[in-house]
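Letter by letter, the sequence shown follows residues -20 to -1, 1 to 314 in mature numbering (1 follows the signal peptide of the UniProt record, and there is no 0).
Hints are computed from structural coordinates only; laboratory data are not their basis.
One or more hints might be untrue.
Pairwise CB distance ranges (calculated) [said to hold, decoys possible]:
hint : residue 1 : residue 2 : range
1    : Lys126    : Glu243    : 52 to 62 Å
2    : Ala112    : Gln200    : 43 to 53 Å
3    : Gly26     : Val78     : 34 to 44 Å
Simulated pairs of lysine-lysine, PhoX-like, Cα-Cα distance not exceeding 25 Å [to be verified]:
hint : residue 1 : residue 2
4    : Lys171    : Lys128
5    : Lys237    : Lys247
6    : Lys128    : Lys247
7    : Lys170    : Lys181
8    : Lys170    : Lys156
9    : Lys181    : Lys158
10   : Lys165    : Lys181
11   : Lys128    : Lys242
12   : Lys247    : Lys208
13   : Lys170    : Lys158
14   : Lys305    : Lys181
15   : Lys208    : Lys242
16   : Lys247    : Lys158
17   : Lys305    : Lys208
18   : Lys165    : Lys208
19   : Lys170    : Lys128
20   : Lys128    : Lys181
21   : Lys165    : Lys126
22   : Lys165    : Lys247
23   : Lys36     : Lys208
24   : Lys126    : Lys181
25   : Lys156    : Lys108
26   : Lys171    : Lys181
27   : Lys108    : Lys158
28   : Lys156    : Lys247
29   : Lys108    : Lys126
30   : Lys170    : Lys126
31   : Lys126    : Lys158
32   : Lys247    : Lys108
33   : Lys158    : Lys171
34   : Lys156    : Lys171
35   : Lys128    : Lys156
36   : Lys165    : Lys128
37   : Lys36     : Lys108
38   : Lys128    : Lys108
39   : Lys158    : Lys36
40   : Lys305    : Lys247
Small disclaimer: the values here were computed from a predicted structure and weren't measured.
All C-beta atoms in this analysis are idealised placements derived from N, C-alpha and C, irrespective of residue type, glycine included.
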Amino acid sequence: MIRTSLLALALGSTALPVLAEEVNIYSHRQPELIQPLIDAFTAETGIDVNIAFVDKGMVERLQAEGDRSPADLVLTVDIARLMQVVDAGVTQPVQSEVLEANIPAEFRDPDDRWFGLTTRARIVYASKERVADGEVTTYEDLASDKWKGRICTRSGTNDYNVALLGAVIAHDGLEKAKTWVEGLKANLAKKPDGGDRDQVKSIWAGECDISLGNTYYMGQMVNDPEQKEWADSVRIVFPTFEAGGTHMNVSGVAMTKSAPNKEAALKLMEFLSSDEAQHIYAETNHEFPVKPGVERSELVASWGEFTPDTLNLMEVAAQRADALKLMEEVDFDG
């Protein structure tokens, strides 16, 4: 059972129910995206879960609430957002043999302050009609003149694009990264706007030939009657860095410093890393499981194999400030 405290959030209340054997979550993810997981957890354990969707100001809210915060867990997407919560000092480390066994070291904090639950790749959606097989190669190549007027993307200051630029900085250095983002901007077919699915719509409409996007949006589009035609007009291509693989990011969880229901919250964390939950993630959210051995969904597997980049996500997060500064310096959205 999910009880989503949107009303309390709208009123600025911190009065989420704090009862025995329940877990309170502040989530950047829409509650409906994780509802199947929570339903399975409650059915297995009898522990109820309350979710407050906090789109903005999560760190500020947790800081203001301090030890009185009713939140046990934070669920969020993007490594930078995870690190923002951790760096603000509003979380606590969690020691768990289950989490260590289920989640590879590259997808969790070495100090046990956050744990990845799923991964997603930042890929290229390419027109089936206007982009030849093999034409998309590396991320660096997206700045070449051959893509002049052919690229669409959402805002450069969006978390996913900032993370990608952070990875470019980590791989190629700040100077080359600035040249790259300037070249990428020069190749845009139109001003950045909308989300990743909007860019696919633009490809379908003939406004551009390729766009940057996250893999799971394809799963969302093919299951939407209005958007399936957009999805059918493109294919997923996995570019790589010249000295690496395909850029990856995570969704993840951290336990708050206050955590009034710490034992129940740990049970939920461990459940989310289990075979059952990882399978649900794969089937319903079209994401890549972090637990080795859990198969991708049939749809996700149909997108093909690729080589994930081995760059440590902590290194990507460390470049966030420089990446955001570069986006602003080149006026990427202008």
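Against the structure, the hints:
| no. | hint | in the structure |
| --- | --- | --- |
| 1 | Lys126 / Glu243: 52 to 62 Å | 57 Å, holds |
| 2 | Ala112 / Gln200: 43 to 53 Å | 27 Å, violated |
| 3 | Gly26 / Val78: 34 to 44 Å | 19 Å, violated |
| 4 | Lys171 / Lys128 | 14 Å, holds |
| 5 | Lys237 / Lys247 | 17 Å, holds |
| 6 | Lys128 / Lys247 | 51 Å, violated |
| 7 | Lys170 / Lys181 | 13 Å, holds |
| 8 | Lys170 / Lys156 | 24 Å, holds |
| 9 | Lys181 / Lys158 | 28 Å, violated |
| 10 | Lys165 / Lys181 | 20 Å, holds |
| 11 | Lys128 / Lys242 | 53 Å, violated |
| 12 | Lys247 / Lys208 | 38 Å, violated |
| 13 | Lys170 / Lys158 | 20 Å, holds |
| 14 | Lys305 / Lys181 | 29 Å, violated |
| 15 | Lys208 / Lys242 | 42 Å, violated |
| 16 | Lys247 / Lys158 | 44 Å, violated |
| 17 | Lys305 / Lys208 | 36 Å, violated |
| 18 | Lys165 / Lys208 | 28 Å, violated |
| 19 | Lys170 / Lys128 | 11 Å, holds |
| 20 | Lys128 / Lys181 | 19 Å, holds |
| 21 | Lys165 / Lys126 | 13 Å, holds |
| 22 | Lys165 / Lys247 | 46 Å, violated |
| 23 | Lys36 / Lys208 | 30 Å, violated |
| 24 | Lys126 / Lys181 | 22 Å, holds |
| 25 | Lys156 / Lys108 | 31 Å, violated |
| 26 | Lys171 / Lys181 | 15 Å, holds |
| 27 | Lys108 / Lys158 | 30 Å, violated |
| 28 | Lys156 / Lys247 | 45 Å, violated |
| 29 | Lys108 / Lys126 | 17 Å, holds |
| 30 | Lys170 / Lys126 | 16 Å, holds |
| 31 | Lys126 / Lys158 | 19 Å, holds |
| 32 | Lys247 / Lys108 | 45 Å, violated |
| 33 | Lys158 / Lys171 | 19 Å, holds |
| 34 | Lys156 / Lys171 | 23 Å, holds |
| 35 | Lys128 / Lys156 | 19 Å, holds |
| 36 | Lys165 / Lys128 | 9 Å, holds |
| 37 | Lys36 / Lys108 | 37 Å, violated |
| 38 | Lys128 / Lys108 | 18 Å, holds |
| 39 | Lys158 / Lys36 | 28 Å, violated |
| 40 | Lys305 / Lys247 | 40 Å, violated |
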